[in-house]
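Undergrad: Chains as they are written, first to last, in my numbering: chain H, 1 to 341; chain L, 342 to 669.
Some hints here could point you the wrong way.
Derived coverage of chain H by chain L (criterion: at least 3 residues anywhere in the stretch with Cβ under 8 Å from a Cβ of chain L; other residues may be distant) [as the list claims (entries may be wrong)]:
1. 111 to 124
2. 152 to 164
3. 174 to 187
4. 191 to 197
Hints are computed from structural coordinates only; laboratory data are not their basis.
In this text, all values refer to a predicted model and were calculated from it rather than measured experimentally.
Backbone N, C-alpha and C define an ideal beta-carbon position, used for all residues, glycine too.
Below are the chains, spelled out letter by letter.
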Amino acid sequence: MPAISAGLSRDQLLEIYRYLRLTRTLEERLTALYRQSKVIGGLFRSLGQEGESVGSAYALERGRRKDVLSPLIRNLGSMLVMGAQPIEILRQYMAKAESPTRGRELNVHFNDLELGYLGQISHLGDMVPVMAGIALTFKMRGEPRVGLVYVGDGATSTGAFHEGLNFAAVQRVPLVMIGEYNYWAYSTPPEKQFAVKDLAAKAKAYGIPAVTVDGNDVLAVYEATKFAVDRARRGKGVHFIEVKTYRRKGHAEHDDQSYQPKDEIERWAKDNDPVDRYVKQLLGNDWADTQDLKDIDDDVRDEVDQATDACVNEPLPEPETALPGVYVHPLAPDKLWFRSL
Amino acid sequence: MPEITYLEALRQGLWEEMERDERVFILGEDVGLYGGAFKVTEGFHKRFGESRVIDTPISEAAIVGAAAGAAHMGMRPVAEMQFIDFISCAYDMLTNYVATARYRAGLATPIVVRGPCGGYVRGGPFHSQNPEAAFLHTPGLKIVYPATARDAKGLIKSSIRDDDPVIYLEHKWLYRRIKEQLPPSEGEEILTPIGEARLAREGTDLSIITYGATVWKSLEAAEQLEQEDGVSIEILDLRTLLPMDDAAIVRTVQKTNKVLIVHEDTRTGGVAGEIAARINERAFEWLDGPIMRVTAHDVPLPYAPTLEDFVLPQTEDIVKAVRWLAAY
Ligand SMILES: Cc1ncc(C[n+]2csc(CCOP(=O)(O)OP(=O)(O)O)c2C)c(N)n1
Ligand SMILES: [Mg+2]
Numbered sequence: 001m002p003a004i005s006a007g008l009s010r011d012q013l014l015e016i017y018r019y020l021r022l023t024r025t026l027e028e029r030l031t032a033l034y035r036q037s038k039v040i041g042g043l044f045r046s047l048g049q050e051g052e053s054v055g056s057a058y059a060l061e062r063g064r065r066k067d068v069l070s071p072l073i074r075n076l077g078s079m080l081v082m083g084a085q086p087i088e089i090l091r092q093y094m095a096k097a098e099s100p101t102r103g104r105e106l107n108v109h110f111n112d113l114e115l116g117y118l119g120q121i122s123h124l125g126d127m128v129p130v131m132a133g134i135a136l137t138f139k140m141r142g143e144p145r146v147g148l149v150y151v152g153d154g155a156t157s158t159g160a161f162h163e164g165l166n167f168a169a170v171q172r173v174p175l176v177m178i179g180e181y182n183y184w185a186y187s188t189p190p191e192k193q194f195a196v197k198d199l200a201a202k203a204k205a206y207g208i209p210a211v212t213v214d215g216n217d218v219l220a221v222y223e224a225t226k227f228a229v230d231r232a233r234r235g236k237g238v239h240f241i242e243v244k245t246y247r248r249k250g251h252a253e254h255d256d257q258s259y260q261p262k263d264e265i266e267r268w269a270k271d272n273d274p275v276d277r278y279v280k281q282l283l284g285n286d287w288a289d290t291q292d293l294k295d296i297d298d299d300v301r302d303e304v305d306q307a308t309d310a311c312v313n314e315p316l317p318e319p320e321t322a323l324p325g326v327y328v329h330p331l332a333p334d335k336l337w338f339r340s341l
Numbered sequence: 342m343p344e345i346t347y348l349e350a351l352r353q354g355l356w357e358e359m360e361r362d363e364r365v366f367i368l369g370e371d372v373g374l375y376g377g378a379f380k381v382t383e384g385f386h387k388r389f390g391e392s393r394v395i396d397t398p399i400s401e402a403a404i405v406g407a408a409a410g411a412a413h414m415g416m417r418p419v420a421e422m423q424f425i426d427f428i429s430c431a432y433d434m435l436t437n438y439v440a441t442a443r444y445r446a447g448l449a450t451p452i453v454v455r456g457p458c459g460g461y462v463r464g465g466p467f468h469s470q471n472p473e474a475a476f477l478h479t480p481g482l483k484i485v486y487p488a489t490a491r492d493a494k495g496l497i498k499s500s501i502r503d504d505d506p507v508i509y510l511e512h513k514w515l516y517r518r519i520k521e522q523l524p525p526s527e528g529e530e531i532l533t534p535i536g537e538a539r540l541a542r543e544g545t546d547l548s549i550i551t552y553g554a555t556v557w558k559s560l561e562a563a564e565q566l567e568q569e570d571g572v573s574i575e576i577l578d579l580r581t582l583l584p585m586d587d588a589a590i591v592r593t594v595q596k597t598n599k600v601l602i603v604h605e606d607t608r609t610g611g612v613a614g615e616i617a618a619r620i621n622e623r624a625f626e627w628l629d630g631p632i633m634r635v636t637a638h639d640v641p642l643p644y645a646p647t648l649e650d651f652v653l654p655q656t657e658d659i660v661k662a663v664r665w666l667a668a669y
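Input sequences plus hints: build the corresponding full structure.
TA: What follows is the structure, given as structure tokens:
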């Protein structure tokens, strides 16, 4: 029996691998669909950051009415961990009628509160106070549940981030925040974003315990998050985890990332890819052999193939479905007069 | 004369003002080395340096607030919102601080806040907004919304020179779609007066009052109606929404006696309601029919092409609405 790590069983270690591989394979598929103009809007990749999304989400209690997280555009992995299906992601990007938002919203902007993920809006920082409110409710009802919210290095410059974090700290709500230091906010580097060295310093200023971890070490992220989540569940309040990682693609697929030093990107790709590093760990510790991983890779590819085939030719939503759902009542605004002429 | 895009015209206008007046500076997210998300400020960093082209943190309230402070001290800041949808994060600064400064405290706040707005681009609910109605209700602000390359240039220059705060709305669907021959920078200086509408098309049977992207949809509809129905449409491009050019509105009503107001923004509480009220007050007796509106439906703007096309006003809608009103 090989040694286990971070209190995780062999099956769990392989499950983590599966989510990493699924995130990357699914995003690669989205890139292919984007190049075929099947994706309607922009495409945002998390290449090189899959480890922190998967590792952090994996530390939550999952299942119906358990913990709740709020992902950002680069946290696809965290949604998959919570139970979002590849076909849902594909349909969202292609704005299909059967997508979770029925074509109303983009990419990963969708939710399943039962499964425990709340979709972001584009306005950076806004999910921080909202997640503070979700965690506040857990506390008010005495439920042993925890909220987790992601924030980018750039987004820590917003007012909503600061207000939300402080609110959560004062109320001592069970909230864990993952601060993603990935060196870029669109074209803006950290030194133009904040004058502190680490994001952790910002959280500490609000009286919140904060740690900085290697974001491309999946198990380190898992362990740090697990500690914070357990602590929050015990009523000890907010915890902040800064993950140091690197955005290897441009802001979105259209961005030529000319402002990012080429050798910097290459260095992270070669020496510090979270999936490569995890594979080395799995094999080096005899937690898995190459056949185990190959089986998972094949299985993931099949899953993504099947999901793609199942939805790629689906129709877009019927035009008039744009109207209902603004309020409970009235159900829908009237179609405007000139449409009935 | 060289043919340039709406975006290039805006860029030229900014450039000329930066050259002309060293008090002018630009601040916003990714505006420096990167040249802005839509490349409006491409090359500015190299020419004017990072002290006049400032890459800011993602902090819209601070961008607008800092611009206001600098303006009090005699500077002429131009603040970019990466997408105009994010201006909501600076709503407090704009409506409470900036808009009231002159009246309340005698403070000059000559800032320009500009950014890409509008739909027809599959941007979804947070990259497609038209925020004009939220600010139309705020005394102390001015709002301009160019539809042509000439006005993109002329209005940015006038906005920068204006002694009051101006929200400059630029339509991203027009950025590279609209091309126009404009004199080069060394030639004629283009300054579009703030507060003056423009007759985009002369006609006698019916007036369309509009602004922004729907100026072009209205022009397209007017051509079709001219050919198919022999109806002569006049189109008034407001260009400035605040202060509104009442005289131009009344003139066109007196000429054609029928008015269709078209805008891309949602219907309830939109700019069209204000225009209709002004016509009622000033030119009611000149009307031969009801003032009608073609606008977006009252829903957040959805992402899927089929849904977006349904929610937003299209050329075909304008054609149908005109036919109905012409027959009234
Ligand atoms: C309030 C607000 N302002 C501007 C933007 C435009 N914008 C979208 S993503 C982005 C950069 C985000 O950087 P970061 O938070 O570091 O996240 P990353 O892209 O690195 O994952 C910007 C400026 C926005 N979405 N919201
Ligand atoms: Mg970042």
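Undergrad: Compare the structure with each hint and give your call.
TA: How the hints compare with the structure:
1. 111 to 124: holds (count 4)
2. 152 to 164: n = 6 at 8 Å, threshold three: holds.
3. 174 to 187: holds (count 3)
4. 191 to 197: holds (count 3)
When the structure is compared with the earlier hints, no violation turns up for any of them.
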